[in-house]
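**Student:** Numbering (this note's numbering), first residue to last: 92 to 932.
Hints listed in this document are in silico derivations from the structure and should not be mistaken for laboratory results.
Where is the CB? At the ideal position from N, CA and C, for every residue including glycine.
Incorrect hints may have been included.
What the hints assert, rightly or not - Beta-carbon label-pair distances, calculated as ranges: (1) Ile871 to Lys793: 22 to 28 Å; (2) Gln812 to Arg726: 50 to 56 Å; (3) Pro784 to Leu930: 30 to 36 Å; (4) Val670 to Pro879: 27 to 33 Å; (5) Asp815 to Ile875: 37 to 43 Å; (6) Asn136 to Ala197: 53 to 59 Å; (7) Ala197 to Gly144: 17 to 23 Å; (8) Ala197 to Ser404: 36 to 42 Å.
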Amino acid sequence: MFHPKYFLFLFVQLCMGHSVFSQNLPVVPLPQIVKEGNHNMALDNIDVQVSKGSNVGNLIDLWSSYFGEQPYNSSSAKKPLLLGILGDNPDFDAMLLKEVQEDQIATIGDEGYVLVLRKKRFMLAAHSKAGLFYGLQTLRQLISSEWDKEVVVIDWPDFPERIIMDDISRGPISTFDYIKQQIDRLAALKINALTFYVEKVIQSPTYPDFTPGDGKLTLSQIRELSDYAAQNYMQLIGTFQSFGHFEKILAYPQYKDMGATSTMISPIDPKAKLFLQTILEEYIDAFNSPYFNVFCDETWDIGRGTTKVYADSVGIPRFYAEHINFLHGILAKKNKKMMMAGDIILKHEEILDMVPKDIMYLTWEYGAKKDFSPWIKPFADRKLDFMVTPGILNSNRLFPDLTMARTNINEFSKAGYKTGAKGVFTTIWDDGGIHLFSNDWSGVGFAAEKSWNIGNTPKFNERYSQVNFGCSNTYFQAVEQLLKLNENPLTFAMGDAIWKQQLLPEAGHSLVVETVGLKEALENIKNAKNILKDPCAQRNQMDMQALELIVDQYHLLLQSKQSLLNIAGDYKQASKIQVSHPTKARGILIDCMAKVGELNKMYGLLANRFRQAWLRENQIYGLDYALEFYKDKERSLYKLEEGLYKQITYLDLGLSLAPPLQIGLDLQENNKIYFKNWLLLGSIPLDTLEVLPDFTYNPDPKKDIPPVKGTTLTYKGKEYQWTDFQSIDGSVINLRKQFTSNEKSVAYAYCSLDADQAKNVKAIIGSNDGMEVFVNGKLIHSKIIKQPFIIDETEIILPLKNGRNDILLRISQWKGEWQFSFRLDHEEVRYREHNYFTLKN
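Using the sequences provided together with the hints, build the complete structure.
**Tutor:** Encoded structure:
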């Protein structure tokens with residue numbers, strides 16, 4: 092899809108016999124129209140001058156600040172580049188018309204530009220200073236990429252609003268200096284607004300105590316950043332999560348009573364309303380954008396808690412709309428246009444008839460969908476202002492899925508362009524807390540490309556590599572190998588579960604180590620490491636270093652799995668020969684201890700690299716959490732190293748070696764994939780172990796449906812909630828760690844299973860104590876018994892229908908250990924969170 096005026100110019104240029112498109116031009120975003128000349132020339136010694144009568148603001152100073160990028164040749168004369176605002180000087184306009192036709196100039200709009208680089212003439216023309224600024228960014232990229240041909244560029248943005256949002260509330264919080272770097276780089280990519288996801292990181296003068304001391308931005312810093320953004324022809328959009336996702340602030344005792352629930356502020360509480368009004372009024376003036384984003388997304392607890400009675404009396408749509416109207420009134424007094432998320436409205440479209448018509452809706456979806464009309468049509472049909480909101484997701488991942496992100500950004504942006512979206516609002520999410528923004532930049536570059544040019548823009552990787560790194564495609568070649576882990580069953584979706592799982596079991600416990608896909612994953616990572624031996628980045632080295640770090644992290648983690656299994660095997664061998672060949676057994680133990688020590692050292696070195704990378708971008712807040720996963724591995728390896736040393740001492744004294752279970756080295760290799768992600772509910776006390784609760788999902792028949800995260804139920808006067816669970820104990824789910832009540836209880840575990848066709852599949856389960864299994868609400872297995880845990884003890888048949896199936900387990904507990912395991916046999920299974928799906932054979 093192209094700007095309508097493009098076709099007129101295309102026809103004219105084709106008639107003239109000129110090239111109108113150059114996919115090799117080293118520019119991101121790729122310009123709309125490029126006409127290469129016949130002569131070579133050097134882009135050096137450029138002297139920027141201003142056409143008479145034109146006011147170009149700070150552009151000359153900006154160009155001087157870029158001067159370090161510009162090559163200087165003392166033997167070459169200066170080449171004047173004449174900047175001008177169209178309409179200010181008839182002579183300048185007439186000179187431009189010698190290079191391009193008048194109807195071609197009409198295509199560029201307010202932010203577009205015409206850049207002429209001919210041997211006889213260098214010119215940059217636009218209708219505004221912003222247009223000239225974007226033309227200079229194109230020239231910067233050409234200079235830094237050593238472009239050496241005549242070229243005429245006629246360019247304009249397809250979307251007037253091109254926005255990047257950085258999540259600084261659920262993980263790393265950027266430093267003031269790094270945000271300035273973000274502004275510099277985003278402006279160079281022709282992004283015209285930066286915003287943040289904000290829950291509690293901007294300090295309020297009135298309520299200063301909810302921001303972390305080691306991770307915050309002050310309003311004076313925000314004002315300075317707004318001024319800095321304006322100098323780079325960008326806006327900083329104000330933002331504050333104003334409804335749900337309020338758990339961080341409500342966790343403080345002094346604010347707890349403002350909550351309708353523990354996660355949602357109460358829209359009807361006077362103290363809460365005063366809090367929101369004060370925060371918004373304080374924040375609004377610090378940001379230079381006419382927009383302010385209140386989010387109000389994912390209000391899962393709406394109509395619950397202290398607001399239930401009122402919400403029931405007016406209905407959820409009216410309840411939600413009243414709060415939006417309250418927030419809108421605060422912003423309107425300050426002449427700010429409200430932005431808000433569109434997800435709740437998509438569930439209750441009648442809200443659109445209850446709120447003001449001047450709201451800018453951010454309709455979001457982050458998947459690689461074929462059809463985005465469900466997310467667009469309700470707003471487009473009513474001719475309301477909206478922006479499409481794609482995403483680059485780090486959520487609970489070690490590295491963003493750039494393949495999915497590109498498809499999402501490209502297709503959602505196209506759909507938005509066709510239906511009148513005002514812009515592309517690309518979000519970057521960091522829930523999980525262990526991410527570096529440096530790994531997001533190539534996704535940001537692609538978002539910038541499609542926000543500016545929605546047409547076919549080939550060779551992005553090559554152009555981005557040249558612009559961003561000043562070298563070949565090394566970065567994307569390595570990323571290609573890394574992203575192969577997305578489809579590997581061991582590292583599927585590159586989720587962070589594999590990183591958060593234990594390397595070793597605690598003494599007295601076993602650990603099942605899944606190895607399916609391990610060989611292939613190691614091969615992909617080794618390929619990436621080999622490619623990165625020559626990273627070649629001349630600039631933006633932090634991006635390349637961040638990629639090297641994540642590749643090395645995967646390599647060490649996968650290598651550890653294999654090494655520790657080998658060490659466990661060697662220890663067993665030493666145990667077998669300790670009497671017949673004690674000297675040989677001692678040598679094996681010394682070798683095992685050395686290997687464990689080397690792994691420990693490698694995790695320490697990797698942790699130090701991560702710490703340095705973190706602090707180059709972020710404030711110290713959140714670093715301890717991110718480093719804890721390194722430290723946990725170091726502690727377990729150190730403990731094993733000590734244990735092995737002790738066993739060597741025992742051997743020297745003529746004593747027997749301890750069994751692997753006793754020293755935390757009982758590793759059991761398994762090449763199967765177990766279900767490790769569930770929604771859990773419990774634990775519910777039992778009067779007798781033989782009688783479980785008489786409901787499936789909920790005691791209330793009207794609510795007895797499969798749960799979603801956050802769903803609650805009341806049983807015998809007590810409320811229980813379904814919560815996300817991700818096992819760190821390998822393939823076995825340890826319920827004893829999850830629930831405080833561990834005797835005469837029952838826990839519920841739920842997941843969905845999408846089948847590629849209707850079929851009966853074999854599930855293999857184990858439990859301590861009993862287990863019941865329901866498929867689509869029907870009980871298909873029941874064994875209520877006191878028993879020790881044995882993995883893969885029982886085979887059952889699951890009757891699956893085509894599409895989604897609801898799997899519910901009820902695991903009973905008498906006392907002692909409380910565990911279960913669940914997997915499918917002879918089925919290729921993948922998952923996202925607690926949603927599993929089978930692959931076609």
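**Student:** Taking the beta carbons of Gln812 and Arg726, is their distance inside 50 to 56 Å?
**Tutor:** The hinted range 50 to 56 Å is violated for Gln812 and Arg726, with Cβ atoms some 32 Å apart.
**Student:** If you check the beta carbons of Ala197 and Ser404, does the distance land in 36 to 42 Å?
**Tutor:** With a Cβ separation near 57 Å, Ala197 and Ser404 fall outside 36 to 42 Å, so the hint is violated.
**Student:** Is 22 to 28 Å respected by the C-beta to C-beta distance linking Ile871 and Lys793?
**Tutor:** 25 Å, holds
**Student:** Given the range 37 to 43 Å, decide if the beta-carbon distance of Asp815 to Ile875 lies inside it.
**Tutor:** 27 Å, violated
**Student:** For the hint 30 to 36 Å, verify it against the beta carbon of Pro784 and that of Leu930.
**Tutor:** About 35 Å separates the Cβ atoms of Pro784 and Leu930, which means 30 to 36 Å holds.
**Student:** When you take the CB atoms of Val670 and Pro879, is the distance between them in 27 to 33 Å?
**Tutor:** 30 Å, holds
**Student:** Does the beta carbon distance between Asn136 and Ala197 stay inside 53 to 59 Å, or does it fall outside?
**Tutor:** The hint (53 to 59 Å, Cβ to Cβ) is violated, given that Asn136 and Ala197 are roughly 33 Å apart.
**Student:** Okay, Ala197 versus Gly144 on CB: inside 17 to 23 Å?
**Tutor:** 21 Å, holds
Checked against the numbered hints listed earlier, the structure breaks hints 2, 5, 6 and 8; every other hint is satisfied.
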